[in-house]
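Each chain, letter by letter, is given below.
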Amino acid sequence: MALDKNGIAKRIAQELQDGYYVNLGIGIPTLVANYIPEGIEVEFQSENGVLGMGPFPFEGDEDADLINAGKQTITTLPGAAFFDSATSFAMIRGKHVQLTVLGAMEVSQHGDIANWKIPGKMVKGMGGAMDLVASAENIIVAMMHTNRAGDSKILESCTLPLTGVGCVKKVVTDLATLEIRDGAFYLLERAPGVSVDEIVSKTDGRLIVPHLVPEMNLD
Amino acid sequence: MAITKIVANVTEACAGIKDNMTLMLGGFGLCGIPENCISELVKLEVKNLTCISNNAGVDDFGLGLLLQKKQIKKMISSYVGENAEFERQMLSGELEVDLIPQGSLAERCRAGGAGIPAFYTPAGYGTEVGEGKEVRMFNSKPHILEMALTADFAIVKAWKGDPAGNLIYKGTARNFNPMMAMAGKITIAEVEELVPLGTLNPNEIHTPGVFVQRIFQGDSYEKRIEQRTVRTR
Numbered sequence: 004m005a006l007d008k009n010g011i012a013k014r015i016a017q018e019l020q021d022g023y024y025v026n027l028g029i030g031i032p033t034l035v036a037n038y039i040p041e042g043i044e045v046e047f048q049s050e051n052g053v054l055g056m057g058p059f060p061f062e063g064d065e066d067a068d069l070i071n072a073g074k075q076t077i078t079t080l081p082g083a084a085f086f087d088s089a090t091s092f093a094m095i096r097g098k099h100v101q102l103t104v105l106g107a108m109e110v111s112q113h114g115d116i117a118n119w120k121i122p123g124k125m126v127k128g129m130g131g132a133m134d135l136v137a138s139a140e141n142i143i144v145a146m147m148h149t150n151r152a153g154d155s156k157i158l159e160s161c162t163l164p165l166t167g168v169g170c171v172k173k174v175v176t177d178l179a180t181l182e183i184r185d186g187a188f189y190l191l192e193r194a195p196g197v198s199v200d201e202i203v204s205k206t207d208g209r210l211i212v213p214h215l216v217p218e219m220n221l222d
Numbered sequence: 010m011a012i013t014k015i016v017a018n019v020t021e022a023c024a025g026i027k028d029n030m031t032l033m034l035g036g037f038g039l040c041g042i043p044e045n046c047i048s049e050l051v052k053l054e055v056k057n058l059t060c061i062s063n064n065a066g067v068d069d070f071g072l073g074l075l076l077q078k079k080q081i082k083k084m085i086s087s088y089v090g091e092n093a094e095f096e097r098q099m100l101s102g103e104l105e106v107d108l109i110p111q112g113s114l115a116e117r118c119r120a121g122g123a124g125i126p127a128f129y130t131p132a133g134y135g136t137e138v139g140e141g142k143e144v145r146m147f148n149s150k151p152h153i154l155e156m157a158l159t160a161d162f163a164i165v166k167a168w169k170g171d172p173a174g175n176l177i178y179k180g181t182a183r184n185f186n187p188m189m190a191m192a193g194k195i196t197i198a199e200v201e202e203l204v205p206l207g208t209l210n211p212n213e214i215h216t217p218g219v220f221v222q223r224i225f226q227g228d229s230y231e232k233r234i235e236q237r238t239v240r241t242r
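Chains as they are written, first to last, in the numbering used here: chain A, 4 to 222; chain B, 10 to 242.
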């Protein structure tokens, strides 16, 4: 069975390490906050200017002056800090944030990522994504393996305008965990019940398949 | 006697804003936007504006109000989703749009206000954003040259301010406001509470008054929430 969005988030949460400052993008990445492994303390940074983001507020407690980068109302945890946008990106560019998780429309075997524009169709802008991918050491992409038309999003090279080049190290999809190394995707794990054949057939980029591909352990 | 930056109202604050000018407007989404001044710009019917703002509001609020009246010639932003009229004007070619990575936008404003003409950043290298820009290697990594931004008027919104123009922002409503306040030839600050001189703790000032030329207490803040997300008790 392919993973749902929560399953992808759960798998990515296993990459969190104690003491990490983490920036979560909009969409599936946001869900990662729901699955922080026990015994681990992390702090979430939102590029609009907050560290120490907490859960959504209780109804009636929403504050228009307290949102995340997805413009959703949020809360803060004890020890939180607010700052301006230049300081926020100083944290990001200066590599003070240890992990970035973001969504993508396409990822290439060279670690290129496209997620901000579909020429002639959708131009919403890159927001903070270009700054994030250009500087973060540890970038994980959370996305579905194929698009709605069934085409692979795991490619030899991206067809859409790029957000960044050679920056993605790891991709977690509904089907697999992939590591990008030396111009290829290495199949690290498959989603529970998903066959290697299915992953191979839905991957357009160069895929290295080891003899044994373990299933993800999501318990 | 301290210098005073107080103006009587929004009309006095926006005096001198004319067609074809470049404006910076603080805010992230609808959070921390100068609502009073935006309404005044609609009333003034100034046209052909170049607006530097992280976002372009929504259809019927924020900068969306200026878009509706076709007062904006060019937008310089990082993210412009959530606005159908914006998209229509952009795709039809009525509106010129310069999309800039968010961190580069913030730093370009900061640089403009700090007297730094340009800087190198890795953001955007190898993408459309880097096309035509000078590339230089630092620590074996390519960086692109980004130019500072300034504006005829910077319009910011703060929580509290005093007659000296000192500002304190609330929560994530700070965002782009401090850098833009630095980068305006004339900076207008609208605040929720204008307090007497000496009331604000100098240790807690976010924007020192030197960057602000005009300050007034706004009214009728709607503070619209774009994405109301809650959990159940």
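Where hints are given, some of them may not hold.
What the hints assert, rightly or not - Capping the alpha-carbon separation at 16 Å, the derived lysine to aspartate or glutamate pairs in EDC-like fashion look like this:
| # | chain 1 | residue 1 | chain 2 | residue 2 |
| --- | --- | --- | --- | --- |
| 1 | A | LYS124 | B | GLU54 |
| 2 | B | LYS232 | A | GLU218 |
| 3 | A | LYS127 | B | GLU21 |
| 4 | A | LYS127 | B | GLU54 |
| 5 | B | LYS79 | B | GLU54 |
To be verified - Output of the computed footprint for chain A on chain B, the stretches with three or more beta carbons under 8 Å from beta carbons of chain A:
| # | segment |
| --- | --- |
| 6 | 21 to 33 |
| 7 | 131 to 138 |
| 8 | 205 to 212 |
To be verified - Restraint-style ranges between C-beta atoms, simulated for each label pair:
| # | chain 1 | residue 1 | chain 2 | residue 2 | range |
| --- | --- | --- | --- | --- | --- |
| 9 | B | LYS27 | A | GLY97 | 53 to 61 Å |
| 10 | A | ARG209 | B | VAL239 | 41 to 49 Å |
| 11 | B | LEU53 | A | ASN37 | 43 to 51 Å |
| 12 | A | ILE29 | B | LYS142 | 23 to 31 Å |
| 13 | B | ARG145 | A | ASN141 | 35 to 43 Å |
| 14 | B | VAL239 | A | GLN20 | 24 to 32 Å |
| 15 | B | ASN212 | A | ARG151 | 40 to 48 Å |
| 16 | B | GLU105 | A | ARG151 | 41 to 49 Å |
| 17 | A | GLN20 | B | VAL144 | 46 to 54 Å |
These aren't lab readings, by the way, just hints derived from the structure by calculation. Beta carbons are placed, not taken as given, at the ideal position from N, Cα and C, and that holds for glycine.
Quick rundown of the hints versus the structure:
1. Between LYS124 (chain A) and GLU54 (chain B) the alpha-carbon distance is near 31 Å, which puts this suggested pair outside the 16 Å criterion.
2. Restraint check for LYS232 (chain B) and GLU218 (chain A): the C-alpha separation of about 48 Å exceeds 16 Å, so the hint is violated.
3. A C-alpha spacing of about 35 Å is found between LYS127 (chain A) and GLU21 (chain B), which places the hinted pair above 16 Å, so the restraint is violated.
4. The hinted pair formed by LYS127 (chain A) and GLU54 (chain B) fails the criterion: a straight-line CA distance of about 27 Å is larger than 16 Å.
5. Note on LYS79 (chain B) and GLU54 (chain B): the hinted pairing holds, with a Cα-Cα distance of about 9 Å set against a maximum of 16 Å.
6. Counting residues of the segment 21 to 33 of chain B whose C-beta sits closer than 8 Å to any C-beta of chain A gives 0, which falls short of three, so the coverage hint is violated.
7. Residue count for the segment 131 to 138 of chain B with a Cβ under 8 Å from a Cβ of chain A: 8. That meets the three needed, and the coverage hint holds.
8. With a threshold of 8 Å between beta carbons, the proposed coverage of the segment 205 to 212 of chain B by chain A is violated, since 0 of its residues qualify and at least three are required.
9. At about 39 Å, the beta-carbon gap between LYS27 (chain B) and GLY97 (chain A) misses the expected band of 53 to 61 Å.
10. Taking 41 to 49 Å as the suggested C-beta distance range, the pair ARG209 (chain A) and VAL239 (chain B) conforms, at roughly 45 Å.
11. Taken as a hint, the range 43 to 51 Å holds for the pair LEU53 (chain B) and ASN37 (chain A), whose Cβ atoms sit roughly 47 Å apart.
12. At roughly 27 Å, the beta-carbon separation of ILE29 (chain A) and LYS142 (chain B) lies within the given 23 to 31 Å, and the hint holds.
13. Between ARG145 (chain B) and ASN141 (chain A) the beta carbons are some 25 Å apart, a value that contradicts the proposed interval 35 to 43 Å.
14. Restraint check, VAL239 (chain B) to GLN20 (chain A): a C-beta distance of roughly 30 Å satisfies the suggested window 24 to 32 Å.
15. The given range of 40 to 48 Å is broken by ASN212 (chain B) and ARG151 (chain A), whose C-beta atoms sit roughly 53 Å from each other.
16. Between GLU105 (chain B) and ARG151 (chain A) the beta carbon distance is about 32 Å. The supplied range of 41 to 49 Å is therefore violated.
17. Here the CB-CB span from GLN20 (chain A) to VAL144 (chain B) is close to 34 Å, at odds with the stated 46 to 54 Å.
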